[in-house]
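Protein chains: 2
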Amino acid sequence: MALVNDHFLKLPNNYLFADIAKKVNAFKVMHPKADVISLGIGDVTQPLCPAVVEAMHKAADEMGTFEGFRGYGPEQGYDFLREAILKNDFLPRGIHLDLDEIFINDGAKSDTGNIQELIRWDNSIAVTDPIYPVYIDSNAMIGRAGLKGEDGRWSNVIYMPCNAKNGFVPEIPDRRVDVIYLCYPNNPTGTVISKEELRKWVNYALHNDTIIFYDAAYQAYIQDDTIPHSIYEIRGARKCAIEFHSFSKTAGFTGVRCGYTIVPKDLTAATLTGERVPLNPLWYRRQCTKFNGTSYISQRAAEAIYTPEGKEQVKATIDYYMQNSHKMLSTLRSLGFECYGGENAPYIWMRIPDGFDSWHFFENLLYGANVVCTPGVGFGPSGEGYVRFTAFGNHEKTEEALDRIAKWSRKV
Amino acid sequence: MALVNDHFLKLPNNYLFADIAKKVNAFKVMHPKADVISLGIGDVTQPLCPAVVEAMHKAADEMGTFEGFRGYGPEQGYDFLREAILKNDFLPRGIHLDLDEIFINDGAKSDTGNIQELIRWDNSIAVTDPIYPVYIDSNAMIGRAGLKGEDGRWSNVIYMPCNAKNGFVPEIPDRRVDVIYLCYPNNPTGTVISKEELRKWVNYALHNDTIIFYDAAYQAYIQDDTIPHSIYEIRGARKCAIEFHSFSKTAGFTGVRCGYTIVPKDLTAATLTGERVPLNPLWYRRQCTKFNGTSYISQRAAEAIYTPEGKEQVKATIDYYMQNSHKMLSTLRSLGFECYGGENAPYIWMRIPDGFDSWHFFENLLYGANVVCTPGVGFGPSGEGYVRFTAFGNHEKTEEALDRIAKWSRKV
Chain W
1 MALVNDHFLK
11 LPNNYLFADI
21 AKKVNAFKVM
31 HPKADVISLG
41 IGDVTQPLCP
51 AVVEAMHKAA
61 DEMGTFEGFR
71 GYGPEQGYDF
81 LREAILKNDF
91 LPRGIHLDLD
101 EIFINDGAKS
111 DTGNIQELIR
121 WDNSIAVTDP
131 IYPVYIDSNA
141 MIGRAGLKGE
151 DGRWSNVIYM
161 PCNAKNGFVP
171 EIPDRRVDVI
181 YLCYPNNPTG
191 TVISKEELRK
201 WVNYALHNDT
211 IIFYDAAYQA
221 YIQDDTIPHS
231 IYEIRGARKC
241 AIEFHSFSKT
251 AGFTGVRCGY
261 TIVPKDLTAA
271 TLTGERVPLN
281 PLWYRRQCTK
291 FNGTSYISQR
301 AAEAIYTPEG
311 KEQVKATIDY
321 YMQNSHKMLS
331 TLRSLGFECY
341 GGENAPYIWM
351 RIPDGFDSWH
361 FFENLLYGAN
371 VVCTPGVGFG
381 PSGEGYVRFT
391 AFGNHEKTEE
401 ALDRIAKWSR
411 KV
Chain D
1 MALVNDHFLK
11 LPNNYLFADI
21 AKKVNAFKVM
31 HPKADVISLG
41 IGDVTQPLCP
51 AVVEAMHKAA
61 DEMGTFEGFR
71 GYGPEQGYDF
81 LREAILKNDF
91 LPRGIHLDLD
101 EIFINDGAKS
111 DTGNIQELIR
121 WDNSIAVTDP
131 IYPVYIDSNA
141 MIGRAGLKGE
151 DGRWSNVIYM
161 PCNAKNGFVP
171 EIPDRRVDVI
181 YLCYPNNPTG
191 TVISKEELRK
201 WVNYALHNDT
211 IIFYDAAYQA
221 YIQDDTIPHS
231 IYEIRGARKC
241 AIEFHSFSKT
251 AGFTGVRCGY
261 TIVPKDLTAA
271 TLTGERVPLN
281 PLWYRRQCTK
291 FNGTSYISQR
301 AAEAIYTPEG
311 KEQVKATIDY
321 YMQNSHKMLS
331 TLRSLGFECY
341 GGENAPYIWM
351 RIPDGFDSWH
361 FFENLLYGAN
371 VVCTPGVGFG
381 PSGEGYVRFT
391 AFGNHEKTEE
401 ALDRIAKWSR
411 KV
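First to last, the protein sequences are chains W and D.
Residue 1 is where the first sequence starts when you use the working numbering, and the numbers rise one by one after that.
Residue 1 is where the second sequence starts when you use the working numbering, and the numbers rise one by one after that.
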């Protein structure tokens, strides 16, 4: 008999955003005239900027000519894009990288899901809680996460609670862990980590021979200059961290599919006999075997966000979303809600009133105000008691949603 | 210590096409004025057809407007493309599929590499030999392939030799195997499988509870109407086969990145306790976790090849390549070489003269005629004694290469 990979069967059948969509659809069927506003899923709404559209036109034209046609590109991505990334995202912050430490991908989700292939199935992993579900699910699929308990926790995963008490930056683990997933600015809490705090994690990793998978997908939303955009701003991080970037939220590329991953050459993992193996060539081998490069058009589109016009246009859209975020923060706070994040990230993490659990609050808000949020518990056990709002809507819709929440909250 | 996935360390450091590139570069350094023509790597050379370029322009424009902007698409791909595929590639052949049996991807390489995640690590696998290296390497990375021996064979892989004697369709295995990889029209041999032969494989799979991973990436090159374009033309295949398609060779999408995979709902694998688990929802779960959909622009580009103009234009390019192929076949045969394939596929598999091994022949052809081929042994042990030529060049370059081979062969 061909046997199924039974680790898949341990995964819950339901996927957070599919569950939300189902509940929202059920509501719409019962209330066909209601105008539901979603502040739930983290997808952008504003169009691609003109510089990007122009670059896509140019690339499409090139591909239609004998001289300009490009077939298979380098699995690791074109130099034109890797150079633009290095020059704009790293060198100005004093971070020097070799071009072949930069791997272009089709979005950060693929790489954050696939990166665990590089490490043995029995490494221990620790995650912040709440957390982006992909980190755990991708480990569960290969058996590394163990079994999922009744309490929603996986047996082989160390959960590091992030809550108001610790400012949403978890305590350093009191024992050693092989691999740690960190995401800052954080999804879902919208909170950030200071250089000083991040340094503690890098030092922990260096002392404990731990690898940090650092997800920086939201770094473009940082408004406070003292907050690190990259873990490589911390000395020593080249020896212990892989970093994931995305153009999805930076430039509205959720439908265009392009991002990048940094795998420094100084980063090694051990064999059972203690030899050190650099992970950079292993990731290159992985990509050459199971990936065939990112669309040429998407790579030219990404390059365009680093032009002077592109930079300006992309910043304008980020500012637009951050105006939503600030408006949401002030309104929700004025209504008496306890809110976190939202200052250097497009997410607001809101404490829900006593007496609600997060799915209960979600349903009440949907039926009472026709506004969709994301129940915090969907991101992990420590997410219970919170909901996530996203700032990716239009101004008008977002303000309308806030008005409705205000009216509804006075009645609750 | 964070431990490395040591299965990666069993992989050879060298990758076939990287080795070839290195040798070609060494030659060019020594002979800077030589005009080297490559009939080696399987990449296309002709530009995207006008219908595709137009569709990309339209999609780029849409993405630049509020009304037309699309963010995250469905992980499984947009219905517009899945409907076009169903209507054009399957219904006319009497194959009925549900839309959610079709998964759009960013090229067949990703899915042929990732599909093995669905089955247990200890399933037995069988591959045709020679073979596209991704099938084995992706299994090796998770330990399923075992260890690589001195003879180039992996210890847990069953090799099914394809040679002139068996018409490049291997014998049915004499014992049961959990998973079999088949690729027809075949890369690298360019040979095809008849319906009658394919039926034997489907029957074997049904009787032995075997899953067939069927790579149909080259089906658009089939000229003979009796040759199957899809394994689902065979009754029962829905219960035992997953099929991979690509637009890379069909429409020159090697740089655009789009293809699709069929996972029928009738296909199941077993748990250790004998329960049957359908693989379709598992693949959907895999894609939702580790993939975020294919670029919207690439999907619109793919849709365009199914329009009347698109079909005509794509066929013209395929005919162009097949003219190369026929010319190559007749010339090489007239020179006395034994050639296979090339009639329903863009690859010619040529027996090399006695006294050469395939790397030796490769080097002689490079230095003697400044023409690049691919050494057959790079595709597996049974590839020794052969080289692969591809028909993806320009007419002029291909004819020039043939002239040089003719002159050179008279001297050898």
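Calculated directly from the structure, the hints in this document are not laboratory data.
Among the hints, a few may not be true.
If several chains are the same, the list does not tell them apart, and a pair holds so long as it fits within one copy or across any two.
Stated by the list, open to error - In silico lysine-lysine, DSSO-like type, Cα no more than 30 Å apart, as pairs: (1) Lys195 x Lys28; (2) Lys397 x Lys58; (3) Lys58 x Lys311; (4) Lys407 x Lys148; (5) Lys265 x Lys165; (6) Lys23 x Lys10; (7) Lys397 x Lys10; (8) Lys315 x Lys33; (9) Lys239 x Lys10; (10) Lys407 x Lys327; (11) Lys315 x Lys58; (12) Lys165 x Lys315; (13) Lys315 x Lys148; (14) Lys315 x Lys195; (15) Lys87 x Lys22; (16) Lys265 x Lys10; (17) Lys23 x Lys265; (18) Lys265 x Lys22; (19) Lys23 x Lys33; (20) Lys195 x Lys22; (21) Lys311 x Lys200; (22) Lys200 x Lys411.
| Given a CA cutoff of 30 Å, do Lys407 and Lys148 count as a within-copy pair, a between-copy pair, both, or neither? | neither (40 Å within a copy, 68 Å between copies)
| task | With 30 Å as the alpha-carbon cut-off, assign the pair Lys200 and Lys411 to within, between, both or neither. | result | neither (45 Å within a copy, 70 Å between copies)
| field | Status of Lys10 relative to Lys265 across identical chains (alpha carbons, at most 30 Å) | value | between (35 Å within a copy, 20 Å between copies)
| said: My question is about Lys315 and Lys58: at a cut-off of 30 Å on alpha-carbon distance, are they close within one copy, between copies, both, or neither? | reply: So Lys315 and Lys58 pass the 30 Å test inside a copy (23 Å) and across (25 Å) alike.
| request: Go through the copies and call it for Lys23 and Lys33: within, between, both or neither, with a Cα cutoff of 30 Å. | output: Classified as within: same-chain Cα gap 16 Å, cross-chain 68 Å, threshold 30 Å.
| task | Please work out whether the CA atoms of Lys397 and Lys58 approach to 30 Å or closer within one copy, between two copies, in both situations, or in neither? | result | Result: close only across copies, 28 Å inter versus 34 Å intra.
| task | First find the shortest C-alpha distance between Lys195 and Lys28 inside one copy, then the shortest across copies, and answer within, between, both or neither for a cut-off of 30 Å. | result | For Lys195 and Lys28, neither the intra-copy (45 Å) nor the inter-copy (49 Å) Cα distance is at most 30 Å.
| Quick one: Lys311 to Lys200, C-alpha cut-off 30 Å, is that within a copy, between copies, both, or neither? | neither (32 Å within a copy, 59 Å between copies)
| field | Identical-chain pair category, Lys315 with Lys33, by Cα at 30 Å | value | Classified as neither; 36 Å inside a copy, 49 Å across copies.
| query | Under a CA distance limit of 30 Å, which applies to Lys265 and Lys165: within one copy, between copies, both, or neither? | reply | For Lys265 and Lys165, the Cα distance exceeds 30 Å both inside one copy (37 Å) and across copies (48 Å).
| message | Checking an output row: Lys87 and Lys22, CA cutoff 30 Å. Within, between, both or neither? | response | between (44 Å within a copy, 29 Å between copies)
| Lys195 and Lys22: within-copy, between-copy, both or neither at 30 Å Cα | neither (41 Å within a copy, 44 Å between copies)
Of the hints listed earlier, those the structure fails to meet are numbers 1, 4, 5, 7, 8, 12, 13, 20, 21, 22, in rising order.
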